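Top line first, the protein sequences correspond to chains A and B. Residues in the first sequence are numbered consecutively from 1, following our numbering. Residues in the second sequence are numbered consecutively from 1, following our numbering.
Since the hints were made in silico from the structure, they are not lab data. Since the structure is predicted, the reported quantities are computational estimates derived from the model, not experimental observations. Please note: incorrect hints may appear among the correct ones.
Treat identical chains as interchangeable: a pair holds within one or across any two.
[Said to hold, decoys possible] List time: in silico EDC-like cross-link candidates among lysine to aspartate or glutamate, alpha-carbon distance up to 20 Å:
1) K137 - D20
2) K137 - D23
3) K137 - D193
4) K137 - D14
5) K137 - E200
6) K137 - D50
7) K137 - E110
8) K137 - D19
9) K137 - D35
10) K137 - D169
11) K137 - D117
12) K137 - E111
2 protein chains.
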Amino acid sequence: MDKINRHPERSMLDRTQLDDVLDAAAVGTLATVVDGMPWAVPMLYARVGDRIILHGSTGAGALRQVAAGAPAALCVAMLDGIVVADSLFDTSANYRSAVVRGHLTVLTREESAAALDALSDALIPGRSAEVRGHTGKELAATLTIALPIVAGGWTVKVRNAPPSAPGADEGAWAGVVPLRAVPGTPVPAPWVDPHTPVPESVRRLAQGRSVAGFARA
Amino acid sequence: MDKINRHPERSMLDRTQLDDVLDAAAVGTLATVVDGMPWAVPMLYARVGDRIILHGSTGAGALRQVAAGAPAALCVAMLDGIVVADSLFDTSANYRSAVVRGHLTVLTREESAAALDALSDALIPGRSAEVRGHTGKELAATLTIALPIVAGGWTVKVRNAPPSAPGADEGAWAGVVPLRAVPGTPVPAPWVDPHTPVPESVRRLAQGRSVAGFARA
Numbered sequence: 001m002d003k004i005n006r007h008p009e010r011s012m013l014d015r016t017q018l019d020d021v022l023d024a025a026a027v028g029t030l031a032t033v034v035d036g037m038p039w040a041v042p043m044l045y046a047r048v049g050d051r052i053i054l055h056g057s058t059g060a061g062a063l064r065q066v067a068a069g070a071p072a073a074l075c076v077a078m079l080d081g082i083v084v085a086d087s088l089f090d091t092s093a094n095y096r097s098a099v100v101r102g103h104l105t106v107l108t109r110e111e112s113a114a115a116l117d118a119l120s121d122a123l124i125p126g127r128s129a130e131v132r133g134h135t136g137k138e139l140a141a142t143l144t145i146a147l148p149i150v151a152g153g154w155t156v157k158v159r160n161a162p163p164s165a166p167g168a169d170e171g172a173w174a175g176v177v178p179l180r181a182v183p184g185t186p187v188p189a190p191w192v193d194p195h196t197p198v199p200e201s202v203r204r205l206a207q208g209r210s211v212a213g214f215a216r217a
Numbered sequence: 001m002d003k004i005n006r007h008p009e010r011s012m013l014d015r016t017q018l019d020d021v022l023d024a025a026a027v028g029t030l031a032t033v034v035d036g037m038p039w040a041v042p043m044l045y046a047r048v049g050d051r052i053i054l055h056g057s058t059g060a061g062a063l064r065q066v067a068a069g070a071p072a073a074l075c076v077a078m079l080d081g082i083v084v085a086d087s088l089f090d091t092s093a094n095y096r097s098a099v100v101r102g103h104l105t106v107l108t109r110e111e112s113a114a115a116l117d118a119l120s121d122a123l124i125p126g127r128s129a130e131v132r133g134h135t136g137k138e139l140a141a142t143l144t145i146a147l148p149i150v151a152g153g154w155t156v157k158v159r160n161a162p163p164s165a166p167g168a169d170e171g172a173w174a175g176v177v178p179l180r181a182v183p184g185t186p187v188p189a190p191w192v193d194p195h196t197p198v199p200e201s202v203r204r205l206a207q208g209r210s211v212a213g214f215a216r217a
């Protein structure tokens, strides 16, 4: 993550690798320019084919401004390990990251319903089939935006390796402390009868078989 | 994370809360404006008092351009749970996030050594005391930059709650799937004798007592 642009071998050109990184995470930082100044917020997202889907409230002024054709960059990063060398200089991190650059578009209400289902299913696979559909009121309250993935409009970088080389102190320990995000036991809301069965999608999510946003070790 | 700006109760004004969020993570997205376009990269960072410390290679052109007094925003986000409601509309996420806005400054070589120690110790607490100091050559190759934390220049948002309210289907399960990042067993580099003792800082990191970047459940 340090010394970015200095390690061309960490940059990848394969679209499949971009998709793998994007699909493994659930939260990214959307950056744009507002009145000449950088503007950045964390957002849930999902890749659907060649588009990244984002959403917010139609009442969110900043997002609406951003959505009006603004140039944007979505940055996604997962920290997969701490790389420990025998010097601080060679201490590093294992990570997967992607930046997608493009111009945002606003989806129509008709497009929104399917895109929002896909966004939910990226977070909780299978969930959209377990619940009722979106109401007109809900769709009217939701701003669904898309960032297209176009050739030349993205960068993906991955580091997954031990420290770069033994340092001067060859007898010293060096290596990697892996990091992994894991789901815990589902916690029912206070009003939920504890005997209520946990939905299949939530059980799968909690078992870590399909958690978006995390290293799938 | 959705409907940002629409939930003022999720915005906090207490600097202590900002520090808590910043200190719990290790990677953020640095966003700025280059030639009128948004520019964003993931970076390791550490808060040291009223400054956020970042670093890169002096050879990294983009970072150097950014560092020259450019307005910047650092965005940090941790996904702490998936909030499951009985409708997709009320599905949400528990998270901690912060955005710090300001102008970057480049540290002198003298300031850099201490700042880089602090950056390492934020990632691997106690590590700087276990290894040799920085060499002049290393300091010359490293661009250390700071983003000041100033009043009015930051936003912190936290959601840590069940779904907002029971939906129409009161018998349906609703709740939260907590997410937590955990360190694994340290993996020695291929050239390291397996009998080499693991440094104290690395053992502590692997035991999860002081892992930066993660929910400390």
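Right, here's what the structure says about each hint:
| no. | hint | in the structure |
| --- | --- | --- |
| 1 | K137 - D20 | neither (34 Å within a copy, 37 Å between copies) |
| 2 | K137 - D23 | neither (29 Å within a copy, 40 Å between copies) |
| 3 | K137 - D193 | neither (29 Å within a copy, 64 Å between copies) |
| 4 | K137 - D14 | neither (41 Å within a copy, 35 Å between copies) |
| 5 | K137 - E200 | neither (27 Å within a copy, 57 Å between copies) |
| 6 | K137 - D50 | neither (28 Å within a copy, 44 Å between copies) |
| 7 | K137 - E110 | within (13 Å within a copy, 59 Å between copies) |
| 8 | K137 - D19 | neither (33 Å within a copy, 39 Å between copies) |
| 9 | K137 - D35 | neither (32 Å within a copy, 40 Å between copies) |
| 10 | K137 - D169 | between (65 Å within a copy, 17 Å between copies) |
| 11 | K137 - D117 | within (16 Å within a copy, 53 Å between copies) |
| 12 | K137 - E111 | within (15 Å within a copy, 56 Å between copies) |
Of the hints listed earlier, those the structure fails to meet are numbers 1, 2, 3, 4, 5, 6, 8 and 9, in rising order.
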